[in-house]
Amino acid sequence: MNIKNITGKIILESGLHIGAGDSEMHIGGVDNPVIKDAISGRPYIPGSSIKGKIRSLLEYYMNIHMKYNTKGQPLQAKHLEDESKKIEENDKDIIKLFGTSGSDSNKHEFGITRTIFSDAHINEASVKSLELKTGQLTEIKAETAIDRVKGTALNGSLRFIERVPRGAEFNFSVSLKTFPNDDFDSLKSTLLKGFKLLTLDALGGSGSRGYGRVSIKFDDENLQKEFEDTKL
Amino acid sequence: MKYYKAKIKPTSPFGTNPMSDTIFGQLVWTLSDMGEDLSKLLADYDTSPFLVVSDFLPFNMGNVPKIPTIYKVEGAKNDKINKILERKKIKAKNYISIETLYSTASLNKNKIVELAQALVKFNKSAEIIRCSINRKTGTTGDGFDPYPVYDTFFTDNAEFTFYFYIADESNFGMIQEALELIGKTGFGRDASLGRGQFEVLEFDEIEFSPENKNAIYTLGNVALEGLSVERAYYEPFTRFGRHGNIRAVMGNPFKNPLVMALQGALLFGDNNIFSKPYIGKSIRKLSYYGDTVQQGYSLYIPINVEVQP
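Chains as they are written, first to last, in the working numbering: chain A, 1 to 232; chain B, 1 to 309.
Certain hints may be false.
Stated by the list, open to error - Okay, the calculated beta carbon distance ranges per label pair:
1. A:Ile3 x B:Ile81: 53 to 63 Å
2. B:Pro148 x A:Thr152: 36 to 46 Å
3. A:Ile3 x B:Tyr233: 37 to 47 Å
Stated by the list, open to error - Once the Cα atoms are required to be at most 30 Å apart in a straight line, the calculated BS3-like pairs of lysine-lysine come out as:
4. B:Lys136 x A:Lys196
5. B:Lys7 x A:Lys4
6. A:Lys36 x B:Lys9
7. B:Lys136 x A:Lys231
8. B:Lys111 x B:Lys121
9. A:Lys217 x A:Lys9
10. B:Lys7 x B:Lys276
11. B:Lys40 x A:Lys4
12. A:Lys4 x A:Lys92
13. B:Lys285 x A:Lys78
14. A:Lys36 x A:Lys196
15. B:Lys136 x A:Lys188
16. B:Lys136 x A:Lys78
17. A:Lys71 x B:Lys136
18. A:Lys4 x B:Lys5
19. A:Lys217 x B:Lys184
20. A:Lys128 x B:Lys121
21. B:Lys9 x A:Lys9
Stated by the list, open to error - Not the full set, but computed from the structure, chain B residues with beta-carbon under 8 Å of chain A:
22. Asp33
23. Met34
24. Ala126
25. Ile128
26. Gly186
27. Met250
28. Gly251
What the hints contain is simulated information worked out from the structure, not anything from laboratory work.
By construction, the Cβ of each residue, glycine as well, lies at the ideal position given by its N, Cα and C atoms.
Okay, chain A solo, but in the shape it has when bound (with noise of 0.2 Å):
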């Protein structure tokens, strides 16, 4: 087995919102808190939200629920039993990158999960420059909606929504196991286009509204042309 260890840097380009749920009420709490590290507080970005997030718009890139009829489910490894289906190589890295539940028909063929997503936490030198501009991590958002009638705004749709300011740095690893029989390159290569996508969509909540725009640069500068030169 060998083992790769990816870092590098998410950079926000614009607000983040990776919601903490609504486990518990704080008395003058914001309504849609981020999330936050159980210990120092700060906002990071949860290692289970990049890989999530890589995996659906790689199966997205790649056709997979079409081709699959995978119902709006990730892809697993029972989805690919169906032997009258074409099963293309590629695709199979998704399953080895990110995983599988558990099913009878998985013989050794894909093997363990072979990324490894930390969560993300904001770095130091962040965390210094947010408060010093403002003195908190992270900003309030008023939101409402337009009343189409009146053109005013819509009664009782005020809301507010904690964001991670743009500009905020997050230092992000991700290990790849790789084994005798595996293409390294050809794993290297999906997870390079999966952050490429990343970086064309969104990370957290309210993609479409401009919330979660991010830019990743890697810190092996080799990989980092790497990254810019991927085609998509």
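Following the hints, position chain B against chain A.
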């Protein structure tokens, strides 16, 4: 008894408790991924295990031994109130230093209560809400509703001590490498989402002598059934185990439930009890897969407890 000791610093939240049998399973799978021959390593596992590991013990402290204590609430009204309040304080002190347990010449119920301490806050369990993107709607709704998971987050000062015994000392390098690899890749639930990662700070050798000792304090979960011990004080724990690695996703991932004694069991027996540097037994045929092995062994430290009449 010679053990190795490693200092572990968590570098990410944990999704699974770092208990001995979990860590053992993870180490065995990692050794397999490293290309080691498992059938050779596990050949004599029933009689002389190649590796026995402990729980990750926070700040080198273990669970307080489950020795029965007699606690009388009597006296004047104010005394009773004070004693009841004190009882809550005592209950909060549920850890005891491994070194103190070993070095104290003669332990008894009162001494154990006296030596027990509450840990400094080093972790926090938090509910994380997750959801999945529906590929048809592009949103998280429509049958893909959010669900909560619980992760344990650690403070910067959190630190664990991990003990392990290796039958053949020439295997030390291999185990060291496997442990460091697990630290990088994580263990347990959601390892692919960065859970269960740690850094191994240092390795050390440590020796415990059973001289003038009469009891065993276990450093990990142990399967007690069929063992010849005179008395045992422990907290039972049912392990609803799961297979790891590829077998976690191959169908039939579950193991049969197994009742074990939680770390911190106190066992009394004759001198034979110290004959091996570990106690317990191997567990096999625990699941659909015939070659399954579960660590039912535990490391221990010899201690001296005043025998009550």
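So, going through the hints one by one against the coordinates:
{"no.": "1", "hint": "A:Ile3 x B:Ile81: 53 to 63 Å", "result": "59 Å, holds"}
{"no.": "2", "hint": "B:Pro148 x A:Thr152: 36 to 46 Å", "result": "39 Å, holds"}
{"no.": "3", "hint": "A:Ile3 x B:Tyr233: 37 to 47 Å", "result": "43 Å, holds"}
{"no.": "4", "hint": "B:Lys136 x A:Lys196", "result": "22 Å, holds"}
{"no.": "5", "hint": "B:Lys7 x A:Lys4", "result": "25 Å, holds"}
{"no.": "6", "hint": "A:Lys36 x B:Lys9", "result": "22 Å, holds"}
{"no.": "7", "hint": "B:Lys136 x A:Lys231", "result": "25 Å, holds"}
{"no.": "8", "hint": "B:Lys111 x B:Lys121", "result": "24 Å, holds"}
{"no.": "9", "hint": "A:Lys217 x A:Lys9", "result": "5 Å, holds"}
{"no.": "10", "hint": "B:Lys7 x B:Lys276", "result": "24 Å, holds"}
{"no.": "11", "hint": "B:Lys40 x A:Lys4", "result": "29 Å, holds"}
{"no.": "12", "hint": "A:Lys4 x A:Lys92", "result": "20 Å, holds"}
{"no.": "13", "hint": "B:Lys285 x A:Lys78", "result": "27 Å, holds"}
{"no.": "14", "hint": "A:Lys36 x A:Lys196", "result": "26 Å, holds"}
{"no.": "15", "hint": "B:Lys136 x A:Lys188", "result": "27 Å, holds"}
{"no.": "16", "hint": "B:Lys136 x A:Lys78", "result": "18 Å, holds"}
{"no.": "17", "hint": "A:Lys71 x B:Lys136", "result": "7 Å, holds"}
{"no.": "18", "hint": "A:Lys4 x B:Lys5", "result": "28 Å, holds"}
{"no.": "19", "hint": "A:Lys217 x B:Lys184", "result": "22 Å, holds"}
{"no.": "20", "hint": "A:Lys128 x B:Lys121", "result": "26 Å, holds"}
{"no.": "21", "hint": "B:Lys9 x A:Lys9", "result": "24 Å, holds"}
{"no.": "22", "hint": "Asp33", "result": "4 Å, holds"}
{"no.": "23", "hint": "Met34", "result": "6 Å, holds"}
{"no.": "24", "hint": "Ala126", "result": "4 Å, holds"}
{"no.": "25", "hint": "Ile128", "result": "7 Å, holds"}
{"no.": "26", "hint": "Gly186", "result": "6 Å, holds"}
{"no.": "27", "hint": "Met250", "result": "5 Å, holds"}
{"no.": "28", "hint": "Gly251", "result": "3 Å, holds"}
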